[in-house]
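Chains as they are written, first to last, in the working numbering: chain A, 1 to 414; chain B, 415 to 560.
Be aware that one or more of the hints could be misleading.
Pairwise CB distance ranges, derived in the manner of DEER restraints [said to hold, decoys possible]:
#, chain 1, residue 1, chain 2, residue 2, range
1, B, Gln462, A, Thr331, 41 to 47 Å
2, A, Val261, B, Arg510, 24 to 30 Å
3, A, Gly253, B, Thr452, 35 to 41 Å
4, A, Ser275, B, Lys421, 36 to 42 Å
5, B, Ile463, A, Pro264, 23 to 29 Å
6, A, Pro211, B, Thr452, 44 to 50 Å
7, A, Glu279, B, Gln462, 22 to 28 Å
For lysine to aspartate or glutamate, the following EDC-like pairs were computed, each having C-alpha atoms within a straight-line distance of at most 16 Å [what the hints assert, rightly or not]:
#, chain 1, residue 1, chain 2, residue 2
8, A, Lys257, A, Asp174
9, A, Lys54, B, Glu431
10, A, Lys278, A, Glu393
11, A, Lys308, A, Asp174
12, B, Lys417, B, Glu431
13, B, Lys424, B, Glu554
14, B, Lys424, A, Glu31
15, A, Lys300, A, Asp181
16, A, Lys280, A, Glu202
17, B, Lys424, A, Asp34
18, A, Lys5, A, Glu24
19, B, Lys550, A, Glu7
20, A, Lys36, A, Glu7
21, A, Lys254, A, Asp181
22, A, Lys369, B, Asp453
23, B, Lys550, A, Glu31
24, A, Lys404, A, Glu266
25, A, Lys54, B, Glu433
26, B, Lys557, B, Asp542
27, B, Lys558, B, Asp453
A partial selection of chain A residues facing chain B, derived with a Cβ cut-off under 8 Å [unchecked claim]:
#, residue
28, Tyr15
29, Gly146
30, Pro398
Hints were generated in silico from the structure; no laboratory data involved. In this text, all values refer to a predicted model and were calculated from it rather than measured experimentally. Each residue gets a CB set at the ideal place from its N, CA and C atoms; glycine is no exception.
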Amino acid sequence: MQLTKDEEKMLSGGYGEGYRRAIEILVKLGEFYDAKRLVPISMAYLIVGPSPSKPGKASEWLNEMVDLGATFRCPLALVPLDSSSFSAYDLHKKLGAVFAYGGTGHPRNLLCLPVFGQHIVADGTAVTHYMNSYIGARANTECFVGQYSAAIVGKTPEYGFHLSRNRVGKTLFDVKAELKDETDWSALGYYISRTMGKNYWEVPVINGINPHHITHDELISICSSIPAYGACVHSLLVGVSPEARTLEEAFGGKKPKQRFVVGPKELQGVYDTFSTSKEKPDMVSIGGFGVNLSIEKVLKLASLLEGKKVSEDFPTVALIDGPVRVVADRTGISDILRAAGVRLSMEEVFKERGVDGAEFFNYPVICAKRMGWNTLVFADAKSCHYMGNQDIEPVLKPVEDCVKIALSGRMEAR
Amino acid sequence: MAKIILKGHKGIGGTAEGEALVCQEPVNLMADTGNVWTDPRDTTFTNQIGTPSVYGRSFAGKVLVFPTGKGGIFSTNIMMDVAEVGSAPKAIINVRAHPVWVALSIVLNIPLVDRLNKNPCKVIETGDWVKVDGRKGTVEVTKKKD
Chain A
1 MQLTKDEEKM LSGGYGEGYR RAIEILVKLG EFYDAKRLVP ISMAYLIVGP
51 SPSKPGKASE WLNEMVDLGA TFRCPLALVP LDSSSFSAYD LHKKLGAVFA
101 YGGTGHPRNL LCLPVFGQHI VADGTAVTHY MNSYIGARAN TECFVGQYSA
151 AIVGKTPEYG FHLSRNRVGK TLFDVKAELK DETDWSALGY YISRTMGKNY
201 WEVPVINGIN PHHITHDELI SICSSIPAYG ACVHSLLVGV SPEARTLEEA
251 FGGKKPKQRF VVGPKELQGV YDTFSTSKEK PDMVSIGGFG VNLSIEKVLK
301 LASLLEGKKV SEDFPTVALI DGPVRVVADR TGISDILRAA GVRLSMEEVF
351 KERGVDGAEF FNYPVICAKR MGWNTLVFAD AKSCHYMGNQ DIEPVLKPVE
401 DCVKIALSGR MEAR
Chain B
415 MAKIILKGHK GIGGTAEGEA LVCQEPVNLM ADTGNVWTDP RDTTFTNQIG
465 TPSVYGRSFA GKVLVFPTGK GGIFSTNIMM DVAEVGSAPK AIINVRAHPV
515 WVALSIVLNI PLVDRLNKNP CKVIETGDWV KVDGRKGTVE VTKKKD
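With the rest of the complex left out, here is chain A (with noise of 0.2 Å):
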């Protein structure tokens, strides 16, 4: 890898032995994927994530960091402005970040984003998937210690979607199907997702879709059930992508090397992955783990349950947070929901229960086996993704069918 003068510098401890370890990582990273340089980032979304352990070895690798003095170069570095990491919010000062909303799993809400062709680090695949295909920012999938090395350096090793040539389609996904909102195409994902197989280096681009029917939380809803089987980070939606203004830009104006049709019988499939026999769910959850709530759907959920009460054998959640979730209490929406029932955190749900939630974030295998649910109704493909992993049996449902469910407590007959 060729190296600046001043790279040089701080991987011979130039600059202390904090930024010494940090570009060690990214050199040795760069070098087993044959990057020639490292580039600068404009921003980095920043994730630690949960440890088995506590605090456990991935907070004290980050203590070090900060006790050996290394600083964010990258010119903004956000963390996301919630529970888990504020309790990290001593550290993460210290090396100078800047607290946001966004990030933790999914990408809607991001408060700060880069600009078309930059280079970043991107929190966790859906977050990613989205930068990349969507603005036409540049990021690999990188674990907390990819992630801060970046951050702390602020460059990161050029390799996979960092270059050109890695970003064009490989395999053409033709849609046949009406896509009639988010959960169709987080099924459509989810498909996308399965047919590909589990390679990282995929680049699928999807056709056949009017660009002027999407909404901006549809293409959220994709970003999250896209990476759900196989890490996919990197896709085209031709006349969308910023990338793949026309079907031939998409493949960089070679042929596809495998092309799938997807009708309505390839997205009934999806669902049917995910139903069940039971006749009750143990919980319904609109939005899911990693996968919360547009305005839009928080609208319409309020319009169908404004007046009535949900099961109570069961809990019924609306994952609304960030900005949706400011907005939902400022006009009374939260209320109107909390009025038939409806919980708007599953922190809510395990105190209900005498549960510590705060180490359930983000755990959906987790969560269920500890509290002894087995069917549970969603109404994105990622979260019965997770969940179907384990021996807990997910239901997709679109919106309108989790509400009666949890307003009859009974699961319709399909």
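Knowing the structure of chain A, use the given hints to seat chain B on it.
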């Protein structure tokens, strides 16, 4: 006993050897080893849908062979705590390594090699004795006796 030598790209870490555990499916520690959340010593694969080829087996002290990682950015958090209690794999062999697994190998100094001249998931079987050299990017396989 004839040895099979596989050559790949320069890898991560130094040398290590041990018994192979071969998983035919991509791995995400977040979803595939559910028990580590309650006990980092318990590295049993618990996901029947995601990783059926190694269901019920533990990767502690093994040379873990699998096609690639599938996301799971918190896999590094998990492996750091797993390594702390001595239950990390001795080495990792992939068809093509996912960036998260490369980073966790770097930070934990676990030898990792990929891009080998033959598919390691086909050449190596669970129970084979495997030597991994991260510097050279080579793998030496001694087949188990039948």
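Status of each hint after checking the structure:
1. For Gln462/B and Thr331/A, the Cβ-Cβ distance of about 45 Å falls inside the hinted range of 41 to 47 Å, so the restraint holds.
2. Range check, Val261/A to Arg510/B: about 28 Å between beta-carbon atoms, so the 24 to 30 Å window is met.
3. Here the CB-CB span from Gly253/A to Thr452/B is close to 52 Å, at odds with the stated 35 to 41 Å.
4. Roughly 48 Å separates the CB atoms of Ser275/A and Lys421/B, a value that falls outside the hinted 36 to 42 Å.
5. A beta carbon spacing of about 25 Å between Ile463/B and Pro264/A agrees with the range 23 to 29 Å that was offered as a hint.
6. For the pair Pro211/A and Thr452/B, the beta carbons lie near 47 Å from each other, so the given range of 44 to 50 Å is met.
7. For Glu279/A paired with Gln462/B, a C-beta distance near 25 Å keeps the hint of 22 to 28 Å intact.
8. Among the hinted pairs, Lys257/A with Asp174/A is consistent with the structure: their alpha-carbon atoms are about 14 Å apart, no more than 16 Å.
9. Between the alpha carbons of Lys54/A and Glu431/B the distance comes to roughly 31 Å, so the proposed pair goes past 16 Å and is violated.
10. Taking the CA atoms of Lys278/A and Glu393/A, the gap is about 10 Å. The hint holds against a cut of 16 Å.
11. Simply put, Lys308/A and Asp174/A have alpha-carbon atoms about 41 Å apart, too far for the 16 Å limit, and the pair is violated.
12. Under the criterion of a C-alpha separation no larger than 16 Å, the hint pairing Lys417/B with Glu431/B is consistent with the structure, at around 14 Å.
13. The hinted pair formed by Lys424/B and Glu554/B meets the criterion: a straight-line CA distance of about 15 Å does not exceed 16 Å.
14. Of the supplied pair hints, the one linking Lys424/B and Glu31/A holds, its CA atoms being roughly 8 Å apart against a limit of 16 Å.
15. Proximity of Lys300/A to Asp181/A is assessed by CA-CA distance (about 12 Å); at most 16 Å being required, the pair is judged to hold.
16. Of the pairs offered as hints, the one joining Lys280/A and Glu202/A is violated, with about 39 Å between alpha carbons and a cut-off of 16 Å exceeded.
17. Our distance criterion of 16 Å between C-alpha atoms is met by Lys424/B and Asp34/A, whose separation comes to about 10 Å.
18. Of the supplied pair hints, the one linking Lys5/A and Glu24/A holds, its CA atoms being roughly 15 Å apart against a limit of 16 Å.
19. For a cut-off of 16 Å, the pair hint linking Lys550/B to Glu7/A is broken: about 25 Å separates their Cα positions.
20. A distance of roughly 13 Å separates the Cα atoms of Lys36/A and Glu7/A; the hinted pair therefore holds under the 16 Å criterion.
21. With a C-alpha separation of about 32 Å, the suggested pairing of Lys254/A with Asp181/A is violated against the 16 Å cut-off.
22. For a cut-off of 16 Å, the pair hint linking Lys369/A to Asp453/B stands: about 15 Å separates their Cα positions.
23. For the proposed pair Lys550/B and Glu31/A, the alpha carbon gap of about 13 Å is at most 16 Å, so the pair holds.
24. Annotation: proposed proximity of Lys404/A to Glu266/A is violated, straight-line Cα distance about 25 Å (limit 16 Å).
25. Taken as a hint, the Lys54/A and Glu433/B pair is broken in the structure, with Cα atoms around 31 Å apart against an allowance of 16 Å.
26. Straight-line distance between C-alpha atoms of Lys557/B and Asp542/B comes to about 5 Å, which keeps the hinted pair within the 16 Å bound.
27. For the proposed pair Lys558/B and Asp453/B, the alpha carbon gap of about 31 Å is over 16 Å, so the pair is violated.
28. Using the Cβ-Cβ criterion of 8 Å, the hint placing Tyr15/A at the interface with chain B is not satisfied: the shortest such distance is roughly 20 Å.
29. Checking Gly146/A against chain B: minimum C-beta separation of about 5 Å stays under 8 Å; hint holds.
30. At its closest, the beta carbon of Pro398/A sits 24 Å from a beta carbon of chain B; the interface hint therefore is violated under the 8 Å criterion.
Of the numbered hints listed earlier, those contradicted by the structure are 3, 4, 9, 11, 16, 19, 21, 24, 25, 27, 28, 30.
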